[in-house]
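Protein chains in written order, with my numbering: chain A, 4 to 122; chain B, 6 to 112.
All the pointers check out, no bait thrown in.
Derived list of chain B stretches under chain A, where covered just means 3 residues or more per stretch with a C-beta under 8 Å from a C-beta of chain A: (1) 47 to 53; (2) 87 to 95; (3) 99 to 105.
Rough simulated footprint, nothing fancy, chain B against chain A, three-plus residues with beta-carbon under 8 Å: (4) 46 to 56; (5) 88 to 101; (6) 114 to 122.
Hints in this document: simulated from the structure, not taken from any laboratory. The beta-carbon is built from N, C-alpha and C at its ideal position, and this holds for glycine as well.
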Amino acid sequence: EPEVTQTPSHQVTQMGQEVILRCVPISNHLYFYWYRQILGQKVEFLVSFYNNEISEKSEIFDDQFSVERPDGSNFTLKIRSTKLEDSAMYFCASSEAPAGLSGAGNEQFFGPGTRLTVL
Amino acid sequence: GIQVEQSPPDLILQEGANSTLRCNFSDSVNNLQWFHQNPWGQLINLFYIPSGTKQNGRLSATTVATERYSLLYISSSQTTDSGVYFCAVEYGNKLVFGAGTILRVKS
Numbered sequence: 004e005p006e007v008t009q010t011p012s013h014q015v016t017q018m019g020q021e022v023i024l025r026c027v028p029i030s031n032h033l034y035f036y037w038y039r040q041i042l043g044q045k046v047e048f049l050v051s052f053y054n055n056e057i058s059e060k061s062e063i064f065d066d067q068f069s070v071e072r073p074d075g076s077n078f079t080l081k082i083r084s085t086k087l088e089d090s091a092m093y094f095c096a097s098s099e100a101p102a103g104l105s106g107a108g109n110e111q112f113f114g115p116g117t118r119l120t121v122l
Numbered sequence: 006g007i008q009v010e011q012s013p014p015d016l017i018l019q020e021g022a023n024s025t026l027r028c029n030f031s032d033s034v035n036n037l038q039w040f041h042q043n044p045w046g047q048l049i050n051l052f053y054i055p056s057g058t059k060q061n062g063r064l065s066a067t068t069v070a071t072e073r074y075s076l077l078y079i080s081s082s083q084t085t086d087s088g089v090y091f092c093a094v095e096y097g098n099k100l101v102f103g104a105g106t107i108l109r110v111k112s
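So here's chain A without its partners, still in its complex pose (with noise of 0.2 Å):
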């Protein structure tokens, strides 16, 4: 069965240093989504993405993130420079069609996450 995979599994990383988290969506999506999770909090929505554009962004996703579709199949979250609180679990999902629409073509799934811990 298809699915959306993510590199690396786990990364640490000193305070201020930039780091690309990778993604791989499910082949024939098209719409492309950024969440995270900090230890024992909720999933919160970064950023969705569709044809090279940013689609909606939350207040989390500020100047020190940026996404990036470099190809056909990867799907990348960068952040500039790296603070303590950007500790968390980072989830890539993906869906057939966008969000907000009726139909079971916009259920998105998930990848396995990048626990991503900053010191």
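Given chain A, put chain B in place with the hints provided.
The following block gives chain B in isolation, referenced to the frame of chain A:
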């Protein structure tokens, strides 16, 4: 923005028991998903259920969109059912998650 509330926050069950988890939401939504977060942190899709009832083995879910709630039923619970159960509703171009129900099933 929309509020998503889950209850109970914690639940301890003896293996073999049944349980009902609830998700209330404060505004109309197009779609709703239930997830199980396993001990390794992975979010496993359980149901995509904007309305009506679905069943998958020992699990079933019902969403009453007009009354803005959804229920997840777990029957004959097993220790492998332990973890956190999240409901998430579609709002705009995103999923908005509840705080989850932590389920512990004891053998």
